[in-house]
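Place chain D on chain C using the hints.
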Amino acid sequence: DAGVIQSPRHEVTEMGQEVTLRCKPISGHNSLFWYRQTMMRGLELLIYFNNNVPIDDSGMPEDRFSAKMPNASFSTLKIQPSEPRDSAVYFCASSFTGPGANVLTFGAGSRLTVL
Amino acid sequence: GNSVTQMEGPVTLSEEAFLTINCTYTATGYPSLFWYVQYPGEGLQLLLKATKADDKGSNKGFEATYRKETTSFHLEKGSVQVSDSAVYFCALIHNTDKLIFGTGTRLQVFP
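Chains as they are written, first to last, in this note's numbering: chain C, 2 to 116; chain D, 31 to 141.
So here's chain C without its partners, still in its complex pose (with noise of 0.2 Å):
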């Protein structure tokens, strides 16, 4: 298996522009988790879908922010419109939930910069 895949790996935008990232679980797994990580804040969980239903998005920061899960092998977190201060590195994971799993493989990152 190739591992949580995302896209783009790193992005570089101007304040006001939407950003889309993408996300494709690994296989089989049916929770996918998204978190954001930054010098200041650590990591922070920000949404998560289980068999593609989002779960928990308490940690959503604004509504400028939203996350989509339309098939179990893709998923969208969308910053309309963007701001420097969501300057951070974007992480998708995914698990297979159930008895003796719950463990996490995380994507590379994608790391946004917005100017």
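None of these hints come from the bench; they were simulated from the model.
Fair warning: there could be bad hints in the mix.
[As the list claims (entries may be wrong)] Where chain C lies over chain D, by a calculated footprint (3+ residues, C-beta under 8 Å): (1) 31–43; (2) 75–81.
[Claimed, not checked] Straight-line C-alpha distance at most 16 Å; calculated EDC-like pairs for lysine to aspartate or glutamate: (3) K86/D with E106/D; (4) K128/D with D57/C; (5) K128/D with E15/C; (6) K128/D with D58/C; (7) K79/C with E15/C; (8) K25/C with E45/C; (9) K79/D with E106/D; (10) K86/D with E99/D.
Cβ atoms here follow ideal geometry from the backbone N, Cα and C, with glycine treated the same way.
Then chain D, alone, in the frame of chain C:
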């Protein structure tokens, strides 16, 4: 609620030194406990885990024992290498699908 507390870093060691990174947790019942490692420029990877009290997780020379009596899961390695330089995250999961991470501890190993 459930939470994880890790020692603040950075931890700076010479090669072949003994490593301990402290981790304590707060949770009702018996959570599963994990250590993840993040190498520079990469995502987090599972290092080891333990799912019940007194279990010892081990991998790549690292060990951690699930201590229910002290609610701890300290990470240890007998002899660190430069290649172990990374950020280490303690985490737990309990009664939900959500993994709760500590703040991470940066380890720097010098030759």
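Comparing the hints with the structure gives:
Counting residues of the stretch 31–43 of chain D whose C-beta sits closer than 8 Å to any C-beta of chain C gives 0, which falls short of three, so the coverage hint is violated. Using a Cβ-Cβ cut-off of 8 Å, 4 residues of the stretch 75–81 of chain D lie near chain C, which meets the minimum of three, so the contact claim holds. Taken as a hint, the K86/D and E106/D pair is honoured in the structure, with Cα atoms around 11 Å apart against an allowance of 16 Å. Among the hinted pairs, K128/D with D57/C is consistent with the structure: their alpha-carbon atoms are about 9 Å apart, no more than 16 Å.
Between the alpha carbons of K128/D and E15/C the distance comes to roughly 33 Å, so the proposed pair goes past 16 Å and is violated. Proximity of K128/D to D58/C is assessed by CA-CA distance (about 11 Å); at most 16 Å being required, the pair is judged to hold. In summary, the hint linking K79/C to E15/C is supported, as the alpha carbons are separated by about 15 Å, within the 16 Å threshold. With a C-alpha separation of about 20 Å, the suggested pairing of K25/C with E45/C is violated against the 16 Å cut-off.
For the proposed pair K79/D and E106/D, the alpha carbon gap of about 13 Å is at most 16 Å, so the pair holds. For the hint linking K86/D to E99/D, the alpha-carbon distance of about 15 Å falls within 16 Å, and the restraint holds.
Violated hints, in rising order: 1, 5, 8; the structure is consistent with all others.
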